[in-house]
Structures are given as structure tokens and as C-alpha cells.
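Peer 1: These protein sequence lines are chains W and B, in that order. Here my numbering is used: the first residue of the first sequence is 1, the next is one more, and so on. Here my numbering is used: the first residue of the second sequence is 1, the next is one more, and so on.
Keep in mind that a hint or two might mislead.
In silico lysine-lysine, DSS-like type, Cα no more than 30 Å apart, as pairs [as the list claims (entries may be wrong)]: (1) W:55 - B:106; (2) W:66 - W:20; (3) B:106 - W:20; (4) W:41 - B:106.
To be clear, the hints were calculated from the coordinates, so they are not data collected in a lab. Nothing here was measured: the structure is a model prediction, and the numbers come from that model.
Residue strings, one per chain:
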Amino acid sequence: GAVVSQHPSWVICKSGTSVKIECRSLDFQATTMFWYRQFPKQSLMLMATSNEGSKATYEQGVEKDKFLINHASLTLSTLTVTSAHPEDSSFYICSARDPSLTDTQYFGPGTRLTVL
Amino acid sequence: AQSVTQPDIHITVSEGASLELRCNYSYGATPYLFWYVQSPGQGLQLLLKYFSGDTLVQGIKGFEAEFKRSQSSFNLRKPSVHWSDAAEYFCAVGGYSGNTPLVFGKGTRLSVIA
Chain W
1 GAVVSQHPSW VICKSGTSVK IECRSLDFQA TTMFWYRQFP KQSLMLMATS NEGSKATYEQ
61 GVEKDKFLIN HASLTLSTLT VTSAHPEDSS FYICSARDPS LTDTQYFGPG TRLTVL
Chain B
1 AQSVTQPDIH ITVSEGASLE LRCNYSYGAT PYLFWYVQSP GQGLQLLLKY FSGDTLVQGI
61 KGFEAEFKRS QSSFNLRKPS VHWSDAAEYF CAVGGYSGNT PLVFGKGTRL SVIA
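Generate the whole structure from the sequences, applying the supplied hints.
Peer 2: This is the structure we're talking about:
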């Protein structure tokens with residue numbers, strides 16, 4: 001199957017700093033990528049849909065100025081958590097849609113963010 | 001509105017026993033259905049998917065799922081569970097569209113005992 005990578009796999013930062021998470025599709029071009037957030041022992045919550053070359057579409061309740069998404073190429077989307085606070089600590093997972101396979105999304109391994 | 005219900009939060013089975021994880025969905029159009037598995041601290045791995053055709057789909061690791069339109073269900077089954085199957089299982093529904101995100105159920109945690 002297709003491979004999606006995320007970097008870093010985990011990050012610890014101080015409150016008030018910004019953190020950038022990368023999501024890459026390694027063997028296919030993804031016009032659409034999705035960013036999810038997962039709290040402990042809970043399901044995935046869609047944060048935003050990232051479209052190559054255009055602005056991301058954010059879900060209701062997600063602050064677009066806090067969670068900046070950039071999808072500058074067909075293989076890379078980034079999520080930047082700006083001015084991070086402890087409540088932003090979570091597991092962030094991206095997925096990329098392989099356009100050659102109808103609506104099949106491949107997920108990255110996730111990034112564990114801990115804000116102190 | 002689209003939704004996925006996984007009625008069982010936690011299931012415990014003995015190694016070698018059969019397994020069935022339930023999933024019910026609500027979707028306004030023809031659904032595309034998925035099962036994913038997540039090990040602790042890891043991302044999601046696709047087990048199997050249903051788009052059309054044969055309603056019984058085979059996946060990886062010996063899993064299969066059956067789509068029943070009349071019951072709006074897509075239950076996951078495995079005839080003999082292995083200890084390595086212990087993980088969190090998510091059912092998801094989506095539709096054919098360039099920007100359609102998946103809607104996930106809350107997940108079922110599977111524990112396997114000796």
C-alpha cells in the first residue's frame with residue numbers, strides 16, 4: 001500500500017512556542033490531505049482538509065489562526081501549531097488520499113505533541 | 001448526516017477464538033466503508049475496504065467484513081484471533097469525492113487473553 005510519513009514522531013515544547021509537523025506522501029501524489037487530532041482513548045477528530053495550492057478547509061471549532069496548514073506541493077502538507085499551550089497536547093495524525101484509488105486514505109504514523 | 005456507531009467500546013476474547021466487531025453507519029449516499037487498526041502510539045493501518053461488488057470483503061491479517069445494506073452494517077470478523085491482534089479498531093465511512101474526509105466511529109478496543 002501507499003506510504004505516508006510524518007515528522008517528527010514526537011515533540012516536546014514549551015508553552016508559547018510554535019511547532020511544525022510535516023506530512024509526506026512518499027510514493028504517490030496527494031492533492032488532498034487531512035489532519036486529524038486524537039485524544040487519549042478516543043477516536044479521530046477531523047481538524048482540516050488540506051488542498052494542494054489552495055487554502056485549507058477547517059472544521060467547525062478549529063482555530064485556523066492557531067493551526068496553520070500549508071499544502072505547497074503534491075507530496076507535502078504541514079501543520080503548524082502556533083503559540084502552543086498545554087491543552088494543545090495531543091496525537092496529531094495526517095492522511096493522504098491516493099487519487100488512483102477511490103477515496104482510499106493512507107495514514108501517517110502520527111505525531112505526539114506535548115506542551116509543557 | 002454521516003455517522004458511524006461502534007456499539008462495543010471494549011471486547012475481550014481468548015486467543016484462538018472467533019471475533020466479530022460491530023459497525024453501523026448512517027450515510028446519505030452509497031457508502032464507502034473502511035476498517036482501520038491502530039496499535040498504541042501508532043498511526044492507522046487499513047485492514048480492508050468496501051466500495052462495491054461482493055459484499056464480503058477480505059482484508060489483511062485474516063480479517064473479513066460483510067456489508068449488509070439492509071442493516072446498515074459493516075461488521076468485521078476473524079475466525080481465530082491471535083494475541084498480536086490486540087489493538088484499537090476503527091470503522092469509517094466516506095463517499096466518492098475529491099475532498100471527502102472519513103467519518104470515524106469511536107473505536108473498539110480489543111484485548112486478547114491466553
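Peer 1: Of the numbered hints stated earlier in the document, which are not met by this structure?
Peer 2: none
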